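2 protein chains.
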Amino acid sequence: MIHLGFDIGGTNIKAGLVSCEGRLLMKNSRPFPKQDDSACVALMETMAAQLLKEADLSLSDVADIGVAVPGSIDPAGEVVLHAYNLGFHNVHLKAAVSRLYPDIPVTMANDANAAALAELYGGAFSGKKTALLLTLGTGVGAGLILGGKMFNGGRGNGVEIGHMTLDYRGAQCSCGSRGCLETLCSAAWLVQQGRREAQANPRGAIAGCVGGRMESISAKTVVDCARRGDAKAAAIFDQYVEYLSQGIASIANILDPEVIALGGGVSLAGDILYSPLRQKVKEKVFFKCEYQIVPAVWGNDAGIIGAAMLLGNSKK
Amino acid sequence: MIHLGFDIGGTNIKAGLVSCEGRLLMKNSRPFPKQDDSACVALMETMAAQLLKEADLSLSDVADIGVAVPGSIDPAGEVVLHAYNLGFHNVHLKAAVSRLYPDIPVTMANDANAAALAELYGGAFSGKKTALLLTLGTGVGAGLILGGKMFNGGRGNGVEIGHMTLDYRGAQCSCGSRGCLETLCSAAWLVQQGRREAQANPRGAIAGCVGGRMESISAKTVVDCARRGDAKAAAIFDQYVEYLSQGIASIANILDPEVIALGGGVSLAGDILYSPLRQKVKEKVFFKCEYQIVPAVWGNDAGIIGAAMLLGNSKK
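Line by line, the protein sequences give chains A and B.
Quick note on numbering: the working numbering labels position 208 of the first sequence as 208, and the sequence is numbered without any gaps.
Quick note on numbering: the working numbering labels position 279 of the second sequence as 279, and the sequence is numbered without any gaps.
Next up, chain A with everything else stripped away, as it sits in the complex (with noise of 0.2 Å):
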């Protein structure tokens, strides 16, 4: 028997067979149509039937069905609430895919939630029973693995940690409140900055960088210039790197994780980040004890192989 993992972006859908053991066999991907959510579901069928045609394997063949979505879905995990990139609002996407397949159970989930779950299946979380995932990208997703489940939390309205408070009197947040761990923590934050800094400095390192192309600028750009010496990015990514070790100590003094793994575009910035962002975060959390914090392992494929194995871990 088989998992199968569907993981719905608002650029592409992704498809994987996944083992029980919880390793990507095989996947491929295809635009995602923005027509609407039937077109998504059978774009979704046609795909799970290549793949399976593809490994010389049936419907009979897959155990279920996982498919992570980006945005907030129902407590009982049939809705999609909310999900801005795809422009699905209260979309029943679990009962239109069950019908394509009513013979096999399937199972929905949050994206990051999903990530953090695939972590568990020869990544970063092997082996350990709690665990953060932090995605610092345009937003910061995060997903947590408790009792070593994927937690969805208590009352299954998910987990939003992205909007823990960081900054009470900060910056106003897409979701209302001020200094949300995003608004400090995201990529977005430094490329806001990167911008400022290169507006005031049209000579400096950063504009240099993109050409004077200030729309070009990305987090990797201000992480680059920081890396290459340059002293105001240096300071933009450290501040940064404060804010993300205020609040990654701000949830190690709850939670105390076993791992903590970073996901998402800064996370690839490697030893700058990581040795600074361990040091502080000892520094600042109560017990002044170390955190193991390390990239996460599975990058694109996290939601394929975390969708997949929904339903196997629900079960543990």
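Calculated from the structure, these hints are not laboratory results.
Computed from a prediction, not measured in an experiment: that's the story for all the values here.
C-beta atoms are modelled at their ideal positions from N, C-alpha and C, and glycine is treated no differently.
Incorrect hints may have been included.
Stated by the list, open to error - Pair by pair, the computed Cβ-Cβ distance ranges are:
#: 1; chain 1: A; residue 1: Gly147; chain 2: B; residue 2: Pro202; range: 49 to 59 Å
#: 2; chain 1: A; residue 1: Ala49; chain 2: B; residue 2: Ser126; range: 41 to 51 Å
#: 3; chain 1: B; residue 1: Asp36; chain 2: A; residue 2: Asn300; range: 58 to 68 Å
#: 4; chain 1: B; residue 1: Ser126; chain 2: A; residue 2: Leu100; range: 35 to 45 Å
#: 5; chain 1: A; residue 1: Asp103; chain 2: B; residue 2: Asp61; range: 53 to 63 Å
#: 6; chain 1: A; residue 1: Pro105; chain 2: B; residue 2: Ser29; range: 29 to 39 Å
The hints should help you fit chain B onto chain A, whose structure is shown.
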């Protein structure tokens, strides 16, 4: 069989016999002997013997012994690392108690964790899997129930929710960080603000309430004056509820607890606290949903009950 629980505090040691269902059957209390930990352990033995005699039971009826301590405990649960109120530092308390009762298993926990556990047994957390207790006293203590069990941190370092960050640029906390939940949501904050107001307005309601004796101003003074309609006291209490709601919303965004219970003196404030608090938490959480926020049930008995149930709960 019966469970024996001890709650060691800087003022009193409390002991109690607790049924298998978590019901406190009998208790006693003695002043905490300031001399040393040997005197403490000797007193515990005397107190236990008294209880057993009164209950017409013997040591062979005691299934296990639990000890709650107001301080940090090593991950193995054997050593009190620091309990400032007791003057205990690196005290091997578990071994000392076990020497008295070599045939009975002894378990030790932080008193806030134990208090959260107690609420599972006929208290605010009955039948719940995910729950949060915040004790609003001089500091902010906290205990978590996850998966229906007391959670002591993923690595056993404990739960220090009082030191999650709320105001990154805020007041210095005793832990070394700034703007921790504890700096804004403790009874001490209400006292500090109440004294400030009384000093600024010696003829105001708060100063009047204590006959001008600033040192007599307590959190209750502020709450009482607010309840009687004094605008200055009400403004202080409103700000307190604002901070507390932000802290609870921040935790709710991470854990989505089924119930949030409040303990400590401030938790007795009644509707002037709970009504606005529930409303503000709903407005601040990511999903804009209501949370059950209620007073803790077990009050001064929580430590004894929780301590007594430690081993039973850990085996669940």
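We went through each hint and held it up to the structure:
The beta-carbon spacing between glycine 147 (chain A) and proline 202 (chain B), approximately 55 Å, falls within the hinted interval of 49 to 59 Å. In this structure the hint that alanine 49 (chain A) and serine 126 (chain B) lie 41 to 51 Å apart at CB holds, the actual value being about 49 Å. In this structure the hint that aspartate 36 (chain B) and asparagine 300 (chain A) lie 58 to 68 Å apart at CB holds, the actual value being about 60 Å. At roughly 42 Å, the beta carbons of serine 126 (chain B) and leucine 100 (chain A) sit within the given window of 35 to 45 Å.
Between aspartate 103 (chain A) and aspartate 61 (chain B) the Cβ separation comes to about 55 Å, which falls inside the hinted range of 53 to 63 Å. Between proline 105 (chain A) and serine 29 (chain B) the beta carbons are some 55 Å apart, a value that contradicts the proposed interval 29 to 39 Å.
In this structure, the one hint that does not hold is number 6.
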